[in-house]
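K.L.:
If you want the building blocks of each chain, they are given just below.
There are 2 protein chains.
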Amino acid sequence: MSADQLGSLAIVGIGPGRSDWCLPDVAERIASATDLVGYARYLDLVSIETAARRHRSGNRVEANRSALALDLAADGGRVVVVSSGDPGVFAMASAVVEQLDRWPDRWCGVRFEVLPGITAAQALASRVGAPLGHDFCVISLSDVLKPWELIERRLEAAAGADFVIALYNPASRHRPWQFGRAVELLAGHRDSATPVIVGRDVGRPGEHISVLTLGDLLDAEIDMRTVIIVGSSTTRILPDRPLGASVYTPRSYGLGADPNPTVPSNHATA
Amino acid sequence: MSADQLGSLAIVGIGPGRSDWCLPDVAERIASATDLVGYARYLDLVSIETAARRHRSGNRVEANRSALALDLAADGGRVVVVSSGDPGVFAMASAVVEQLDRWPDRWCGVRFEVLPGITAAQALASRVGAPLGHDFCVISLSDVLKPWELIERRLEAAAGADFVIALYNPASRHRPWQFGRAVELLAGHRDSATPVIVGRDVGRPGEHISVLTLGDLLDAEIDMRTVIIVGSSTTRILPDRPLGASVYTPRSYGLGADPNPTVPSNHATA
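Protein chains in written order, with the numbering used here: chain A, 1 to 270; chain B, 1001 to 1270.
Since the hints were derived computationally from the structure, they do not count as laboratory data.
Just so you know, even glycine gets a beta-carbon here, dropped at the ideal spot from N, CA and C.
Hints may contain errors.
What the hints assert, rightly or not - Simulated coverage check for chain A against chain B, where a stretch passes if three residues somewhere in it have a Cβ under 8 Å from a Cβ of chain B:
hint, stretch
1, 42–53
2, 206–214
Stated by the list, open to error - One-sided excerpt, in silico: chain B residues whose CB lies under 8 Å from chain A:
hint, residue
3, V1138
4, P1205
5, G1206
6, G1244
To be verified - Here are some, though not all, of the chain A residues that point toward chain B, as calculated from beta-carbon distances under 7 Å:
hint, residue
7, S94
8, V138
9, R173
10, A220
11, P239
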């Protein structure tokens, strides 16, 4: 096959699921694709009109799914690999590039592109205010692809240095005790009154968001569709404001006198 | 003024600047706004057609800008505060919620909402492959609003626990030595061959992206429009692939035998 017959592969993220939170560039790629490749549940979230064939696969077959997408592109397709959220954050972009790394002579000349999307932690943060307004970490609690010891080391480091911490994949049927252990580690560094936000199916039908404290986190319902943001020592809850403005992490930290104090605007108010 | 005359305030992020990387929901708010409030340089990036008045302000007047936006909304406006990137990540969402926190009895009844956007680290990551494919941290190197000692502590913690690290606000005219010190700290934990990605004006005219190593980072041109991603010990460079597939952090980490090996697809290839 000559090089000009080779196709293209775009790895895209549709965001949390709402069509108005999906980038126009991503929507355009999906609309004009010949083939969509993805985990079946994510392909079902695609509401954009497209004549593309849908290649649905199960979870945990990322290597095979990546190779299929690359093969379809090498055959001349305009192939789109669909992740939810951002494909670059615990999603398909890394899995596909890993195939290119392992097979250096294969799929040469396929045009390859990753397009970003809104990841779950951003979507959850936006729903409650600005908990990620200061330095933060993003950690997957799944020990399927990394040793649990590494996860503990990262939780300790992040909690010890007072980062806000976003937790992905907090629990599943196959990982029953890990979440409790993670909360125990965090509680060793943070006050039990530390604000915590728990979001399930953020940006999707059935969205459920709670603002609670670290002391109550073990009582929350947690599963693979949940993302959690644990505040730092400076994160604050505003009890008398609506959900959209209920939690934030201030931009300034421990400087004593505020270097940029409130200046009421000059605009006349009622 | 009665409650039903109160307006609304949306804090939005337009992403890196490209109109096709701005959420449809954000574009719609800007198009239908009565007032846009923001740092002048970000308002200039707004290419969406709108009849809104533009309230341009300088950098570092976030408190005053926030109060102005809230006042305009309290007067009945459909006000949109415009950030670049994601308004929840080192941007205006935290500044506005802080005003609501400081003045608990003011601006009650204004409808308040934060909409997410693509932040610079995501945009940069997507340009080169998948460097954020595993656990990562996001740290601002600006010590204008936090003590430099905290930044050092966080860099040490993140590097010590082998996180991928995204660095925002790496340098400015007023902070001449901090970047060098940060690189020195990271070099104490990471090999000099560690992959590093440097992006300037990502997603904007004049975009410039380089893939280099930690050992060469001090020679790179760095300023406030630059964002940097420093790989972990597992991040890899693919020298023979184009820029879009040149760096990734594998999904699995230090488990010995790959739990999910490459399975060539069943699809026939040329």
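K.L.:
Now tell me, hint by hint, if it's right for this structure.
P.N.:
Now the hints, each set against the structure:
1. 42–53: violated (count 0)
2. 206–214: With 0 residues close enough to chain B, the hint is violated.
3. V1138: With a minimum Cβ separation of about 5 Å from chain A (threshold 8 Å), the hint on B/V1138 holds.
4. P1205: It is violated, given that the least Cβ distance between B/P1205 and chain A is near 17 Å, above 8 Å.
5. G1206: Given a least distance of 19 Å, the restraint on B/G1206 is violated.
6. G1244: At 5 Å from the nearest chain A Cβ, B/G1244 passes the 8 Å test, so the hint holds.
7. S94: This interface hint holds because 3 Å falls under the 7 Å limit.
8. V138: With a minimum Cβ separation of about 5 Å from chain B (threshold 7 Å), the hint on A/V138 holds.
9. R173: 18 Å, violated
10. A220: Hint violated; A/A220 Cβ to chain B Cβ min 22 Å, cut 7 Å.
11. P239: 9 Å, violated
In this structure, the earlier hints numbered 1, 2, 4, 5, 9, 10 and 11 are contradicted, and the remaining ones agree with it.
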